Amino acid sequence: MELIERYLQEVGRHLPANKRADILSELRSSLNDSLEAHTDRQPSEEAVLPILREMGAPREVAASYYPEGQYLIGPELFPLFQLIVGIVLAATVSGQLIAAIVSLTVSHRPDFLTLLQILNSIPAALGSVVLVFAIMQWFNVHPDLKKEDFDPRHLPPLYKEKPLHRSEQIFSIAVGTIFLACLVPFGASGGFTAKYGVNLLTDPVLDTYYPWIAVSVVLGLLLSIVLLWRGHWEMSTRIAKIGTDIFALVLLDLLFHGQMAWSNQMGSGGTIVEPFQFTNTPQGLQLVGMACFRLAFLVALIVIAVSTFFRIYRLIKNDLFNHRVPTER
Amino acid sequence: MVKSMQPSPTVENVVQELRRGALILAALSQLEVEKYGYALIRQLEENGLEIDQGTLYPLLRRLEAQGLLDSKWNVEGSRPRRYYVINKTGKTVLKDLVTEWHSLAKCMERLLAEVK
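The listed protein sequences correspond, in order, to chains A and B.
When you line the first sequence up against the numbering used here, it's residues 1 to 329, in that order.
When you line the second sequence up against the numbering used here, it's residues 1 to 116, in that order.
These aren't lab readings, by the way, just hints derived from the structure by calculation.
Check each hint, because a few of them may be wrong.
[As the list claims (entries may be wrong)] In the BS3-like style, the derived pairs of lysine-lysine whose C-alpha atoms are separated by at most 25 Å in a straight line are:
no.	chain 1	residue 1	chain 2	residue 2
1	A	K19	B	K72
2	B	K35	A	K19
3	B	K35	B	K95
4	B	K72	B	K91
[Unchecked claim] So, partial list: chain A residues that the calculated Cβ filter (under 8 Å) puts toward chain B:
no.	residue
5	E5
6	A21
7	S25
8	E26
9	L27
10	S30
11	N32
12	D33
13	S34
14	H38
15	M55
16	V61
17	S64
18	Y65
[To be verified] Beta-carbon label-pair distances, calculated as ranges:
no.	chain 1	residue 1	chain 2	residue 2	range
19	B	Q16	A	W212	52 to 62 Å
20	B	M108	A	A21	34 to 44 Å
21	A	L80	B	E114	44 to 54 Å
22	A	R13	B	L111	44 to 54 Å
23	B	Q66	A	P79	23 to 33 Å
All figures in this text were calculated on a predicted structure; none of them were measured in a lab.
Even for Gly, the Cβ is constructed at its ideal location relative to N, Cα and C.
Could you put the whole structure together from the sequences, leaning on the hints where they help?
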């Protein structure tokens, strides 16, 4: 009966290769027994249909031969998978951040692409771990993990979320507003300038990016207002905070690079001290000013990079794995 | 235990859960003498327990993999058939399961006595 063979062929597509022939032989035998019992005449397609329907859809029949179900990563492997993912993610992100910071501080040539590579490396790292565990699952490898004796006295203490400090949000809103109030007139009056006698000293790099600086400050302000309104951190505000921090990192990196390139063009090296030899001239003062900005950008870049790393770590560890709102100030 | 019309997915799921363990016990109990799958299905049906082929054959495979059943192909007859029979380990397990089943049945009778 062709319909039975077509059915078995479809079941076989979803069966493990090493058991396929044996299982299909048994099913064929059983289907023919059933067909024989249900019809007296020459078996027809109409007689086969209800028997196949009763047997079930080929994929479902095949799935029932997997005693532990069909998983990419099954329940037995999942706790170990979760542990390894945490370690790999933390190692990947911190490795990239350390590389970015080393590049920034040692070679004085910070490479923003290194920071961006963090975003690229996370899916690659995750994919590798998933692949390894999927192979383990496929070959039914279950590491014999020692089961620790459960002692209720060693349970972690009750989780208490520290309240979000409203005073900090109010302070950051005030500072952000003042900064923005200063920033807008600067931009409107032709850039960041300082008078030295009759000379007008400018910071061309800040001029270039000042609208983006304003955007970054506004984003920070909006987030502080939302936090003040909500009164606590949520998954969405945490992600928004990481987003604004990454935006600030991008901007700071562009500013740092811009300042560095401008200083080199003006004949000043990469160090902070070097411009002081020109302090008696307008150009010297401008170089010193630029160098100070550069140093400030570098410090801010490092501080925000580190804090962003910890925010991401807490987001992964507490929100994504433990399904609870982590403590954060 | 007879397969019945299930009024809702919830009831259907619970009935499946209830049947799952009982089917193991039922299959083991009927394999003192070796049988092929379809013959076992008929025997269970004759005793009021309906089980479809898509459920029984994987179950027999699992019981064999657990070391409770032995099986062999028999090519004599109208078509080749795989015969299953309970082995020594299976008999020991069956004995324990039967004791557990009776204990559970008594317990459930008491618990459900007042359910209307």
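Checked hints:
no.	hint	result
1	A:K19 x B:K72	holds, 15 Å
2	B:K35 x A:K19	holds, 21 Å
3	B:K35 x B:K95	holds, 20 Å
4	B:K72 x B:K91	holds, 18 Å
5	E5	violated, 14 Å
6	A21	violated, 12 Å
7	S25	holds, 7 Å
8	E26	holds, 5 Å
9	L27	holds, 7 Å
10	S30	holds, 5 Å
11	N32	holds, 6 Å
12	D33	holds, 4 Å
13	S34	holds, 6 Å
14	H38	violated, 11 Å
15	M55	holds, 5 Å
16	V61	holds, 5 Å
17	S64	holds, 4 Å
18	Y65	holds, 5 Å
19	B:Q16 x A:W212: 52 to 62 Å	holds, 60 Å
20	B:M108 x A:A21: 34 to 44 Å	holds, 43 Å
21	A:L80 x B:E114: 44 to 54 Å	holds, 47 Å
22	A:R13 x B:L111: 44 to 54 Å	holds, 46 Å
23	B:Q66 x A:P79: 23 to 33 Å	holds, 24 Å
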